[in-house]
Each structure stands twice: as structure tokens, then as C-alpha cells.
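Q: Take a look at the letters that make up each chain.
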Amino acid sequence: MKGRGKFLVGSAIIVVTLISLAYVGYTQSKTYYHTISELSSLHGTARRQRMRVSGNVQAGSISHVDGRVDFVLEENGQDLPVSYVGTDPLPDTFKDGAQALVEGRLNSQGRFVAELVQAKCASKYEASPVPGAAPANPAAGSGKS
Amino acid sequence: MDILGSFALLLAFLVAVYAFAAGIAGILTRRALLTKSARHAGMAVFGLVTLAVAALEYFFFTDNFSLAYVAAHSNSALPGFYKFAALWAGQEGSLLWWSWLLSIYAFLALFLNRKRHPELMPWVGVTLAGVQIFFLTLNNFVSNPFHVFASADMAGIFHMARLSEGSGLNPLLQYPEMVIHPPMLYLGYTGFTVPFAFAMAALLARYPGEKWIHITRRWTMVAWCFQTVGVLLGAHWAYAVLGWGGYWEWDPVENAALLPWITGTAFLHSVMMQEKRGMMKVWNVWLVFSTFMLCILGTFLTRAGIVSSVHAFAESSIGAWFVGFLAIVLVVCLAAWWKNRDYLRSDNQLDSLVSRESSFLFNNLILLAACFAVLWGTLFPVLSEWVTGSKISVGPPFFNKVNIPIALFLLLLTGVGPLLAWRKTSYDALKRNFAWPLAGGLVSGAIAFAFGYRNFYALMCLILSVFVALTIAAEFFRGARVIAAREGVNLLTAVGTLTMRNTRRYGGYIVHFGMVLIFIGISGQAFNKDIQQNLSPGQSLSIGPFTIVCQNYDQVQNDNYQSERATLEVFRKGKSEMMLYPERRFFNASQVTETIVAVESSPLRDLYVVYAGRSPDTNQPVVHAYLNPLVKWIWFGGIVVVLGTGLAMIPDRRPALVLRAVSEKSWDGALAPAPGALPATAPARGPSRSILRKSEGEE
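Each protein sequence line maps, in turn, to chains A and B.
Just so it is clear: in the first sequence, position 43 is 43 by the working numbering, and no numbers are missing.
Just so it is clear: in the second sequence, position 334 is 1334 by the working numbering, and no numbers are missing.
One or more of the hints may lead you astray.
[Stated by the list, open to error] Below are the BS3-like pairs computed for lysine-lysine, each with C-alpha atoms no more than 27 Å apart in a straight line: (1) LYS6(A) / LYS1401(B); (2) LYS1575(B) / LYS1401(B); (3) LYS1401(B) / LYS30(A); (4) LYS1281(B) / LYS6(A); (5) LYS1339(B) / LYS1401(B).
[What the hints assert, rightly or not] Looking from chain B toward chain A, a few residues come up when the C-beta cut is under 7 Å (computed): (6) LEU1353; (7) VAL1402; (8) GLY1613.
Just so you know, these hints were derived from the structure itself, not from any lab.
All residues carry an ideal CB built from backbone N, CA and C; glycine is no exception.
All chains should be modelled from the sequences, with the hints used to inform the complete structure.
A: Here's what the structure looks like:
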């Protein structure tokens, strides 16, 4: 076999190996994004998948129970009860009315068991002008540069 | 000043349009005066954008909160250092910053080559102006940093309003590195525009030979170097500021910076194939094109706000502009390539699997595979939503599964590639070059195994790292020994002489060595430990050899923030070693709390301690401690990479006699037929000089 042929065989081996590794990694870490309203329509395996859901923390719903934190996420009038069971302390931005993103799975009772909670105060870094004045172009963009 | 700034910005846009149009007209009509005026216009953009940047900085430094952008990203209590950096804290400012850095590059490229390459430069100017037009369009019409506050009164007349105080800089950005990290990364992103412009120009002008590669080699290395520094500083910032104990999480923003770095690295290697063997011409052109497009994509991912939200990939108004621009660039690239594809025909074919060519091909293949995997993983939520309707994200396991084997294979090539001969390498040469380094690698692997290190990837990384480091050391030693013997100097002086005679080759080895250090540092991750527990005064926790005893918590205050600070004493083997003070700071202006990590760093390990907040159950303070081995090697390796890159850009100091000094052996040892010849080689070209000549002298 000429150099070119051998090179092609070698490349094919590498590519196939990488694709199979990628597939394994994908199945291990894929996470579905869902809105709260979509959750009720999920069935079968789709309901057991790892997923990410976002919503606003319902005012007054945060309660510390032994070993976990319960709260309710709401979005467009739909509610989702959540239990946070992770070990990290909740972020300081996590309070009533904050936008939150939870990652975990649904349990059989329809309660969302979250291992990860991220939160952000609504429009934290947006310019808050004096009453009556409107920014011609509200500056958006926060977080990492 | 806001009038001055926005007017300068508008004028810059018009001048860039003129540079573009007049440049094309000059090429078509072949009128030298028109071409010259287009070039001057291209250079003038720099002055105008500089004026706009200066105007915006003036607003920051005078605490003038009549601009929405200044009010959103600064406040009067902010230290001056950060007021300067607040310029690029948000979308509008960082896009202006992009334009400014690009205008510097464009100015330099046009100015330094004003008397050279008359066939090529008009096209370069047109391409650069085209890119500038896009960014100046954003600056002027889409994301203008000079918007003022105004309100309408009863009669409908607008009055300017001015806030008394701004809402402050995002506390995450209030860290010294944030002042240099974005400029570095952006210098990388923008810097790749220059090689792109030259590649495009060479293709459109059908410029003969590989000249564009020689012209752009230094430009590419400058951009690559900035990109490397930018990526590493970003990793370091994440490590030192974000407080989750790691430096890389395959976050879209990190990936965005890594992508052009990967293709840029592939390009730096594959151009050698074109210079020396006339192969891979199409490939190289497309590598530059892709690198540039990935830079645009990276800016888009970083700055269009699509990843800043907790809802990763939220909608953004500026996204459409970037997608549109990328589509235009892609179409132009495709058209230019299709029209001139005959110009890119390869001169040679691959002769053998064990040759320098094939090592470069493999290098490129797997770099591209890495790039593709990272790109795919980053855009997966968007792609999956298009295809299946449900948004799916992939996490670090996906990226690690693919990229760790790729990285180790690359590391192997780093050691093997430079010592393989062009065309074909003999078995003897392989044995001579690799026997000792390989033995060294295996022995160190065996020792680590005997000491109980069983992680497969970490062991492979160690073996390969030692192997590569030894091949590099052997290269320096072999070359230096010849010089030392011939010129009667000591070995150390000879190493210096050797390096300066072929800076590109030996600078490259130093870059490789820096990468080895980075790899060793990353492999330390396999042995990370962490523990989190409640820690009230008097309580203690143990991690590795350390015992951390909490002494107390106290409060610190200043204008900018209030902080709660833990005082921790660290014991090792019963002896007090050091004090650590992790903090939580509450920033007054932005009403946000951030953690300030305490790190005790040594070459062997970092002890990284975070005051994580109060436990939701007990309201007791929680401390999270991490023991991260070898992290310091990564930052040190980065410095070595930068030094090596700098060295490779210095012109060779080559005494005439070296050119004829060694004739019996080729410099890479493999083309020489004589068995038993001296293994020593010198950095002079042997029998294949006709092929190799191109690499000498220029650039």
C-alpha cells in the first residue's frame, strides 16, 4: 500500500474511534432543555431524562427542609415544585422572584429533583435610569466577558 | 465629547466604505492614485476609531453618567484601573474595542507593506476594509456605545438626562486579570483577520508562489500568541475568581476562544507542508478562512449575549447580524476558492506513512477533529433544536471523552513529528532518534505506576511528556555539541548560538516544551480532591496532608464592597504552615455577592479554599477546600509558550559558513544513506537543500 492509502486507513481508524467516544460522552452528559409547560406532555423515556428547566422562583415558596431546599418555579402561570438536593450552598442571587435554572430529573410524583441551581436577579446589570428617563438603548449583557 | 465620539465613529464607517470601494475601483482601473488613496483611507480608520475610544474612556474617567453605557458599567467609587477596563465590560464597548484593535492591525499591515507587494496589497486593503465595515456598522447602527439618556416632556421635546450614579461594574470583572485578559483575547481574534486578508488577497490576485505564507507567518504567530495568552488568562481568571475549583469547564465562552486557537495551530503547522513540499494549498487557504470565521463566531458567542444569560442560548438582537456576516464571508470564501481553485493545485503527493508530511497530516486531521467536536458540542443546543425540536446540551463528559485522546495523540506527534524526515524516514533513523526518549518515558511511567498512580490517561500523559521533553532536549544537545566542538565554545553558549541560527525551529521546540508543561499541569486534574463541610470557629477539616482550622469570621468594609472574611490556619503534620483568608464580598453598587478564593500555590499542588456561604439547614458557614495538583505548571507552561513564540519571530542569525558546513548528513538525520555516520547533526541543510531552501532566510 502506498503512503496515501495507509494514511487514509489510519485516518479512518482515528475518526471512527473519536466518533464512538463522542457518542459515549454524548449519552452520558446530554441534558434536555424544557419549559415548565412542556413537562406535563412528556412520556416514557423522555420523562426520565436529565433535563434543565428555567422559571421564576415563586414569592414565599422557598422553604428549608432537612437536607434539602424546596421551592416552586413558575413560568407563564404554570408551576413546578422543585427539591434541591445538591451539596453546594445556593447562590446568593437565589431569592423570591429571581430567574432560576435547575438541572436534574423529574421523580414519579412530578416533583423536580434538582442537583444544580443557577440563579440571576432579573435585569441586574441593566441601566436603571431616573424615573421618567428612558435609556435610548438599554445596555444588556452581564456575566463573563 | 459624546458628539465627538459618535461623529468619529460615523466618519470611520464612511472612510472604511470609501477604502473598500476605492480599493476595488483602483484594482479594476489600475490607477495607482486611487489605490493609494484607498490605502490612506484604510489607515485613517485607525485614527477615527481611536478618537471614539478616547471619547468613551473620557466619559468613564469623568464619571459622566449621561451615557447609558457608562451608567451601566461603571460607578464613581470604582477604582480607576477598572474604569479603564469597563470600556469592554458590555456588548457595545467590546464591539468598539474589537473595531479599534482591528484598525490597529489594519493600519500596521497597510503601513508596513506600503512599498511592498504592489500586486497583493490593494486586495489586502479591500478585505480588511470589508471586515471593518461590518464592525463599524454594528458600532454605529446596531450597538452604539454613545447612546444618551433622554426623556420627552409634555411638548414632545427630548431633554438629555444624566444619572447621578452608575450601576457599577460586574464584580466578576473586578479582578486585575480582567484588565488584560479581554484585550489579549481580542488581539487574538482580530489578529487572525490579517492572515485571512492576505490569503484572500493572494487567492483573488492569483499571487504567485507561497509568498503570502511568508508574509503572514509573523502576523499569524502574533495572533496565535495573543490567543494562547487570552485563553490561558481566561482559564486562570475562571480558576482564581469563579471559585468552583477548576479552570476549564467547556463553557461556550471558553470553547469560543479555543476554536480559532485550534485551527490557528493547525494552520501554523500545515503551512510548512506548503512551504517545503508545495502540498495542502487548498487546505491552508481553508484553514485561514475557517480560523477567521471561528474568530467571528467566537466574538458572536462571547459578546452577543447569547451565553451570558442563565438561559444559555437566549435570543439576541445582534445575532442575526453576525449570522448574516458569517454567511457573506462563507459565500465570498467559496466563490474566491471556486474561481481560482486551479491556482491551488498541489505540487507533490504523500510518499510514506512514516514521514514528516504524514505527521503534519495527522496533526491537522486530529486538530480539526478536536475543533469539530468542540464546535459541535458548543452549538449542540442550537442544532438539536433545529433538527429535533428539543434543545439538548452536552456537558464536560462529552468534551473530555473526545478531546483527551486527541490531546494525547497530539502530544505524541509533538515528540515524533519534528524528528521525522520529509518524504520517508528509515527504521535506523527512528531507532536513533527515539530509542532513548522512549525508554525515558516508559521508565518514568513505570516509576509512577510503582508509586500507585493508576489513572490511565494521566500515566499516558506522563510517559508522553517525558518522551517529548527528552526528544527536545536531545535535539538541542545534538546541535549544540557540533557547534561547541567546531567553534570551541562551551555547550551552553552553543545552545544559544544554535537557537539564534534557526529561531523558527528551536523557538518551535520551546513552544512544544511549554505545551508539555501545560499537559503535565492538566494531567494533575486526575488527582484532584475536594471536601466541603460546615466550619464554625474552632472546627477543622482535613484534606490530603493538610488540616484547616477555622479561627474566626470578621467583616471588612470600603466604598466599593462589604466583605465577610474567614481566617483559617492551615496545619501540615501538626505544624502551622500558613493562614488563608477566603472572603465573600457584597458589592454596593451592583448589590451582588462574590466569593474571593484563597489559594496557596506551589509547584506540586494548589490548596484552594472557598468560603461558600451559609448552609441552608444550619445557617453555619460552609467552607469548600480543593487540593489541585500541578496547576501551576499550566501557567508556567504558558509563559514558556509565549517566550518560544517570541523567539521564533526573531530573524535567524546565520553565519555563511554553516550553509556549507555539513554535507554528509541532513539536519534531520534521515536522508543520509551512510550507516554508522556520526549521529550529530547541525542546523544546516543537507542533500534536500533544493526542497528546503524556501524555508530559509525569508521571514
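Q: Indicate, hint by hint, whether the structure satisfies it.
A: Cross-check of the supplied hints:
1. Proximity of LYS6(A) to LYS1401(B) is assessed by CA-CA distance (about 26 Å); at most 27 Å being required, the pair is judged to hold.
2. A hinted pair counts as satisfied when its Cα atoms are at most 27 Å apart, and LYS1575(B) with LYS1401(B) does not qualify at roughly 41 Å.
3. Restraint check: the Cα-Cα separation between LYS1401(B) and LYS30(A) comes to about 13 Å, which is no more than 27 Å; the hinted pair holds.
4. Between LYS1281(B) and LYS6(A) the alpha-carbon distance is near 21 Å, which keeps this suggested pair within the 27 Å criterion.
5. At roughly 40 Å between alpha-carbon atoms, LYS1339(B) and LYS1401(B) are farther apart than 27 Å, so this suggested pair is violated.
6. Residue-level restraint check for LEU1353(B) holds (minimum Cβ-Cβ distance to chain A is 4 Å; threshold 7 Å).
7. At its closest, the beta carbon of VAL1402(B) sits 5 Å from a beta carbon of chain A; the interface hint therefore holds under the 7 Å criterion.
8. Checking GLY1613(B) against chain A: minimum C-beta separation of about 4 Å stays under 7 Å; hint holds.
Hints 2 and 5, counting from the list given before, are not met by this structure.
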